[in-house]
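Colleague: Residue numbers (my numbering), protein chains in the order written: chain A, 1 to 61; chain Y, 1 to 61; chain Z, 1 to 61; chain G, 1 to 61; chain W, 1 to 61; chain S, 1 to 61.
Derived from the structure by calculation, the hints contain no laboratory data. All C-beta atoms in this analysis are idealised placements derived from N, C-alpha and C, irrespective of residue type, glycine included. Honestly, I wouldn't trust all of these hints.
Said to hold, decoys possible - Label-pair restraints from in silico Cβ distances:
#1 Y:Val58 / W:Glu29: 31 to 37 Å
#2 Z:Pro15 / G:Gly9: 37 to 43 Å
#3 Z:Asp60 / Y:Asp12: 35 to 41 Å
#4 Z:Ile13 / S:Gly9: 27 to 33 Å
As the list claims (entries may be wrong) - Computed far set for chain G versus chain S, every beta-carbon distance over 10 Å:
#5 Thr5
#6 Ile13
#7 Asp25
#8 Glu29
#9 Tyr31
#10 Pro35
#11 Glu36
#12 Ala47
#13 Asp48
#14 Val52
#15 Ala53
#16 Gly54
#17 Val58
As the list claims (entries may be wrong) - Here are some chain S residues the structure puts well away from chain W; computed CB gaps all over 12 Å:
#18 Pro2
#19 Gly9
#20 Glu14
#21 Glu18
#22 Pro34
#23 Val58
Number of protein chains: 6
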Amino acid sequence: MPVVTVLQGPRDIEPKRELVRRITDAFVESYGLPPETVQVWITEVPADSWGVAGTLVVDDK
Amino acid sequence: MPVVTVLQGPRDIEPKRELVRRITDAFVESYGLPPETVQVWITEVPADSWGVAGTLVVDDK
Amino acid sequence: MPVVTVLQGPRDIEPKRELVRRITDAFVESYGLPPETVQVWITEVPADSWGVAGTLVVDDK
Amino acid sequence: MPVVTVLQGPRDIEPKRELVRRITDAFVESYGLPPETVQVWITEVPADSWGVAGTLVVDDK
Amino acid sequence: MPVVTVLQGPRDIEPKRELVRRITDAFVESYGLPPETVQVWITEVPADSWGVAGTLVVDDK
Amino acid sequence: MPVVTVLQGPRDIEPKRELVRRITDAFVESYGLPPETVQVWITEVPADSWGVAGTLVVDDK
């Protein structure tokens, strides 16, 4: 019963819908698991709350 | 000093108040820890950002 | 379908067995959820890999 | 730059190799991201440290 | 390529800007890593969704 | 009472000792928090269990 968490910036619902479907398929094909055992949780973090190379993403634009 | 995180859908404050109390009690009774060493963090994820069996919860209603 | 993660130091199986039972009960009583919807994952971190107040726990004993 | 974490039981390397490839493809196809921006971290939790419905997986076999 | 997550209450952008810079420096100085390999993700949890010693922070003020 | 988690590959204790000290200092200086309120948890993931750009790190060496 794998639990997947995704840390990412905010996105529209359609790409998230497709991502959840494709990640679940990845477990079905790689591990042979039934899809109903796979949970995917997306945590959307705004650009003022995450950073790379010491800089907030909001300051990088 | 255990740290507990809970991934869940949004809920009213009263059930969350009770959940934090009961989870802390679980550590006091199971591990013999003083309650002040236990932290519980609840991350509420909207229905358009988590899914089971390849489908977003918002599409499942 | 809440997912609970616990960050803690290593423990014997019996206290973990009781902790998982009691945390699940906490959701049944606080949220009225059926127990089979609750997952509890315990990540055991050795004393040389976590710290409080700037000091590794292994250095604090 | 999404970060994916997977909580699961222990597995052999080959299925994990395929899972990481397929999850990365899921982001390329769903979000149009370049693959090098996607990180996948698998945390393998032994059967005596996670449970469902109040029971440790090791007790469920 | 370390990934750092921070669970905390809500804060203004300026202290978060400084925190991300200083945490990245910590990896450069402690591990000798180039800063661009370090990601820092801050998850801000409201006071009605986290607690210590069995009490929600919002109830503790 | 921030909780910091670090996902990384395995490292010797000395660099981890310094990292925990420096990350705690980052909170003292950025947020003005007392050091004893800061927890840092390092999860070390082996090279066969995490990947970037669709490839396990162990396959990338």
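Colleague: At the C-beta level, are Z:Asp60 and Y:Asp12 separated by a distance inside 35 to 41 Å?
Modeller: Hint holds: Cβ distance 39 Å, inside 35 to 41 Å.
Colleague: Is the claim that G:Pro35 lies outside the interface with chain S correct, judged by CB distances over 10 Å?
Modeller: violated (4 Å)
Colleague: Quick check for students: does the CB of G:Asp48 sit more than 10 Å from each CB in chain S?
Modeller: For G:Asp48, whose nearest Cβ neighbour in chain S is about 18 Å away, the distance exceeds 10 Å, so it holds.
Colleague: Go ahead and decide if the range 37 to 43 Å is satisfied by the Cβ distance of Z:Pro15 to G:Gly9.
Modeller: violated (21 Å)
Colleague: Would you check whether the claim that G:Val58 is not at the interface survives, using Cβ distances to chain S and the 10 Å cut-off?
Modeller: The assertion about G:Val58 holds, with a minimum of 21 Å to chain S.
Colleague: If I claimed the Cβ atoms of Y:Val58 and W:Glu29 lie 31 to 37 Å apart, would that claim hold in this structure?
Modeller: The hint (31 to 37 Å, Cβ to Cβ) is violated, given that Y:Val58 and W:Glu29 are roughly 44 Å apart.
Colleague: Per the stated criterion, does the least C-beta distance between G:Glu36 and chain S lie above 10 Å, as a non-interface residue requires?
Modeller: violated (4 Å)
Colleague: Minimum Cβ separation between G:Gly54 and chain S greater than 10 Å?
Modeller: holds (25 Å)
Colleague: Taking 12 Å as the cut and beta carbons as the points, is S:Glu14 off the interface with chain W?
Modeller: S:Glu14 is in fact no farther than 12 Å from some Cβ atom of chain W, at 9 Å.
Colleague: If I take the minimum Cβ distance from S:Glu18 to any residue of chain W, is it greater than 12 Å?
Modeller: The claim breaks: S:Glu18 does not keep its Cβ more than 12 Å from every Cβ of chain W (closest is about 4 Å).
Colleague: Verify that the Cβ of G:Asp25 lies farther than 10 Å from every Cβ atom of chain S, and report whether the claim holds or is violated.
Modeller: Per Cβ check, G:Asp25 is inside 10 Å of chain S; nearest 7 Å; violated.
Colleague: Just checking, G:Ala53 versus chain S, shortest CB gap more than 10 Å?
Modeller: holds (26 Å)
Of the numbered hints given earlier, the model fails hints 1, 2, 5, 6, 7, 10, 11, 18, 19, 20, 21; all others are met.
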